[in-house]
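Chain A is already provided as a structure; the job is to place chain B with the ligands on it using the hints.
One-letter residues, chain by chain:
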Amino acid sequence: MSATRNSEADGNMKESSMHFKKALSAAPALSLKIIAECPVTKARACDLTLPHCTVSTPVFMPVGTQGTLKGITVDQLEGLGCQICLGNTYHLGMRPGTELIEKANGLHGFMNWKRNLLTDSGGFQMVSLVELSEVTEEGVKFKSPYDGKEILLSPEKSISIQNSLGSDIMMQLDDVVSSTVKGPRVEEAMHRSIRWLDRCIAANKHPDKQNLFAIIQGGLNAELRKACLDEMIQRDVPGFAIGGLSGGEEKDDFWRMVTLSTDYLPREKPRYLMGVGYAVDLVVCVALGCDMFDCVFPTRTARFGSALVPWGSLQVKQKQYAKDFQPIDPDCQCPTCKRHSRAYLHALFKSDTAAMHHITIHNIAYQLTLMRSVRQSIVEGRFPEFIQTFMKRMFPSRDQYPSWAVDALASVNVTLE
Amino acid sequence: MAGSRMKLDLSRVVQGRGRLGLLKEVGRMGQHSVDIPGCLLYTHLGSVPHLTQDTLHTISCLPAVTHVTLSNMAEHQEVLEEFKGGLKKFAGLHDTVLYCSLHDPAAHCPTGHTTNKTVSVWGSGGRIELTAAKFMALQKTVQPDWYQSMADGETWQTGTSRKRVRKSVDRTLAHLDECLTVHQKSQDLEGVDIFGVVEGGDILEERVRSARETAKRPVAGFCLDGFQTGAMDQALRSQLITAVTQELPEDKPRLLQGVGRPDEVLECVEAGIDLFEGFFPFQATERGCALCFSFDITPNPERAAPDEEPHTAGGTQLNGDVNCDDQTHMTRFEMNLKDKRYQDDFRPLVEGCGCYCCRNHQRAYVHHLLMTNELLAGVLLMIHNTCHYHSFFRAIREALANDKMDLLRRSVLWNGKE
Ligand SMILES: [Zn+2]
Ligand SMILES: [Zn+2]
Numbered sequence: 000m001s002a003t004r005n006s007e008a009d010g011n012m013k014e015s016s017m018h019f020k021k022a023l024s025a026a027p028a029l030s031l032k033i034i035a036e037c038p039v040t041k042a043r044a045c046d047l048t049l050p051h052c053t054v055s056t057p058v059f060m061p062v063g064t065q066g067t068l069k070g071i072t073v074d075q076l077e078g079l080g081c082q083i084c085l086g087n088t089y090h091l092g093m094r095p096g097t098e099l100i101e102k103a104n105g106l107h108g109f110m111n112w113k114r115n116l117l118t119d120s121g122g123f124q125m126v127s128l129v130e131l132s133e134v135t136e137e138g139v140k141f142k143s144p145y146d147g148k149e150i151l152l153s154p155e156k157s158i159s160i161q162n163s164l165g166s167d168i169m170m171q172l173d174d175v176v177s178s179t180v181k182g183p184r185v186e187e188a189m190h191r192s193i194r195w196l197d198r199c200i201a202a203n204k205h206p207d208k209q210n211l212f213a214i215i216q217g218g219l220n221a222e223l224r225k226a227c228l229d230e231m232i233q234r235d236v237p238g239f240a241i242g243g244l245s246g247g248e249e250k251d252d253f254w255r256m257v258t259l260s261t262d263y264l265p266r267e268k269p270r271y272l273m274g275v276g277y278a279v280d281l282v283v284c285v286a287l288g289c290d291m292f293d294c295v296f297p298t299r300t301a302r303f304g305s306a307l308v309p310w311g312s313l314q315v316k317q318k319q320y321a322k323d324f325q326p327i328d329p330d331c332q333c334p335t336c337k338r339h340s341r342a343y344l345h346a347l348f349k350s351d352t353a354a355m356h357h358i359t360i361h362n363i364a365y366q367l368t369l370m371r372s373v374r375q376s377i378v379e380g381r382f383p384e385f386i387q388t389f390m391k392r393m394f395p396s397r398d399q400y401p402s403w404a405v406d407a408l409a410s411v412n413v414t415l416e
Numbered sequence: 000m001a002g003s004r005m006k007l008d009l010s011r012v013v014q015g016r017g018r019l020g021l022l023k024e025v026g027r028m029g030q031h032s033v034d035i036p037g038c039l040l041y042t043h044l045g046s047v048p049h050l051t052q053d054t055l056h057t058i059s060c061l062p063a064v065t066h067v068t069l070s071n072m073a074e075h076q077e078v079l080e081e082f083k084g085g086l087k088k089f090a091g092l093h094d095t096v097l098y099c100s101l102h103d104p105a106a107h108c109p110t111g112h113t114t115n116k117t118v119s120v121w122g123s124g125g126r127i128e129l130t131a132a133k134f135m136a137l138q139k140t141v142q143p144d145w146y147q148s149m150a151d152g153e154t155w156q157t158g159t160s161r162k163r164v165r166k167s168v169d170r171t172l173a174h175l176d177e178c179l180t181v182h183q184k185s186q187d188l189e190g191v192d193i194f195g196v197v198e199g200g201d202i203l204e205e206r207v208r209s210a211r212e213t214a215k216r217p218v219a220g221f222c223l224d225g226f227q228t229g230a231m232d233q234a235l236r237s238q239l240i241t242a243v244t245q246e247l248p249e250d251k252p253r254l255l256q257g258v259g260r261p262d263e264v265l266e267c268v269e270a271g272i273d274l275f276e277g278f279f280p281f282q283a284t285e286r287g288c289a290l291c292f293s294f295d296i297t298p299n300p301e302r303a304a305p306d307e308e309p310h311t312a313g314g315t316q317l318n319g320d321v322n323c324d325d326q327t328h329m330t331r332f333e334m335n336l337k338d339k340r341y342q343d344d345f346r347p348l349v350e351g352c353g354c355y356c357c358r359n360h361q362r363a364y365v366h367h368l369l370m371t372n373e374l375l376a377g378v379l380l381m382i383h384n385t386c387h388y389h390s391f392f393r394a395i396r397e398a399l400a401n402d403k404m405d406l407l408r409r410s411v412l413w414n415g416k417e
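Residue numbers (numbering that gives the first Met the number 0), protein chains in the order written: chain A, 0 to 416; chain B, 0 to 417.
If we strip away everything but chain A, and leave its shape as in the complex, we get:
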């Protein structure tokens, strides 16, 4: 019962053959093979081949900000089946700095990670972490929190740092505006992001081994998004990210911008939805046609004892688990659930940081397993059924389904039971 179809087969996306031809000539450092497309939704399962290994999509990418993933060794991460993770350009550019990372044979060598890495542009961190930042046509100006020196992060500089890091996927520097901002600033940022994309493309020293992704901007304004898409899809980039979302906007606006973007993005290139990682968001946005996701949430929340489970989350540190001798999730196959009970983890949280590592491992396993199940269901042609089961497990009753998810899924022909 194979629902696998060749990528040249019936395109249910809006696309032109022109894009496809361009893709063939584009970056040899990446290839996307569509393994299956959901006949009902816009979901797809692909093999994304990157310089270090092939990534099965849809994929969740854990975030390793400082060249490490929250107390997890690279062997553990590999053991969980992770094929790609993130590093943060801003943090790594500050400490230990690009010169050192170059000496260590890039970020891969520095952290001894044999699989793929994606780095962001550094711009987002700057806008969110550093108070004194000013955006001009040149780039983002900020004061170093370490020595107070004024630094300019230009598109060229961002790419230069990312070239030093040697990531498999680099992100363009974009002009980040909070998704709740409205008015002319959003339009300005969108146009500037397009200009900066061109500068980033020109600055990339390793197009043969480092893939530069464009970031679609335009806030919550459909016309601006569409205008941005029109411009950017004409650029010869190996992949696209949907940016400027998941920053506190209404979910109703969020999903409409996502689905608008995937409607226009070329079918043969990967689509990366930035900053999305909650289980429901992942499943819905896969249905809307996204391939790649990242979020700090699963690893950050683990440190506070919050374990992700098919019915939401479980706060291991809460008293009610002190005498609960079951694993976090009896169906989970991760090393934590195979060996330890909620009660032991509850007790260990009082004695040692290893408790956090146990939850981190479980949470990464949860995210990766969820995406593997999603992919499997797409390949087997039963993704709509998967969504139904997933939602029933996640919410106690139908009236607790978030209305945005119901609407978003309805827009891709899935009516929740």
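Simulated from the structure, these hints should not be mistaken for laboratory data.
No residue lacks a Cβ here, since even glycine has one placed at the ideal position from N, Cα and C.
Among the hints, erroneous ones may be present.
Unchecked claim - Footprint (simulated), chain B over chain A, 3 or more residues, beta carbon under 8 angstroms:
#, stretch
1, 65-76
2, 157-166
3, 356-364
Positioned in the frame of chain A, the structure of chain B with the ligands alone reads:
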């Protein structure tokens, strides 16, 4: 000798050079054996600090005995009682011997809370007072293979009065008798070994009296308490330990509490100690340090010296004093990875070390993890330090077997200010 099963096979006893042997039939089922001199695996509630079972088992030279402390466990008594299966099962430990001590050798224990009938342990929720009855009730829920009897060990500070020291010896013997009475009647503790505790502070007569009296009781072995680093200088420690071990039966093991520095360990082995607590690698990890002392006893002089000079250049921050009051201070047996000079050092922590960290990572990376307060720093350092330290104990046994203790001592002290 109710319940006592472990047997000590000494293959070599060199007077003033230590004891080499095998502790057999250890564990409730008697299925384990422990090489002597040996070291226990230090844990928090059964977990080696920072490590999960996956990261722990990258280490090949793990000891057979896992060490837990009542100070970690007392607050979980109710949970363990309801669980019923004992701590080993609760902590997901499978093939290991569980030894339970009273205090955590790496944690500060405030003084002034000991009475005639009680001792206190300090867990995450504060102080918990234990009577001998409560102490024994805890042992029944923890279900160790082997545990330390309750003891008043509050006499380690210099200047403790003779009267107080005498009282601690008396109390500790009384606690032991009370523990033994419960132990011998308890079905739950059948096959479990109990160690008596030798106290006596820095007073020779009290040490001898404590040892003699404890040796009269049906215990499987002895814990020597009150000798911890900071309590006294090594000359006095060696002298007292030698006096104590002379009073103890040859065929029972002696565990020394609170001593972990490599130089002190060597001295104490030669004074007749068999077992040590493995907290030292944890302390080094907590200060961002990697153990790097050499314990190479191959005769080739070029190889006997460490190939690097891990810390001679940074002498200013090294604490070379043998008697360091504060256990949190860096010792000369380690390198401080926070030091800026490791920033661009792409060598492994210790050349030739086969641990997961040294096989996969470089000093520069560990330095970066420490500078950015990343949790992986503790994980990698703990793997290396545990591996290094337990390999050191293997070297001690080899040195004892081959009459090379002098060579080993020279190798260990090489890094320092010789
Ligand atoms: Zn799990
Ligand atoms: Zn090592």
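* Asked: Which of the numbered hints above does this structure break?
  -> 2
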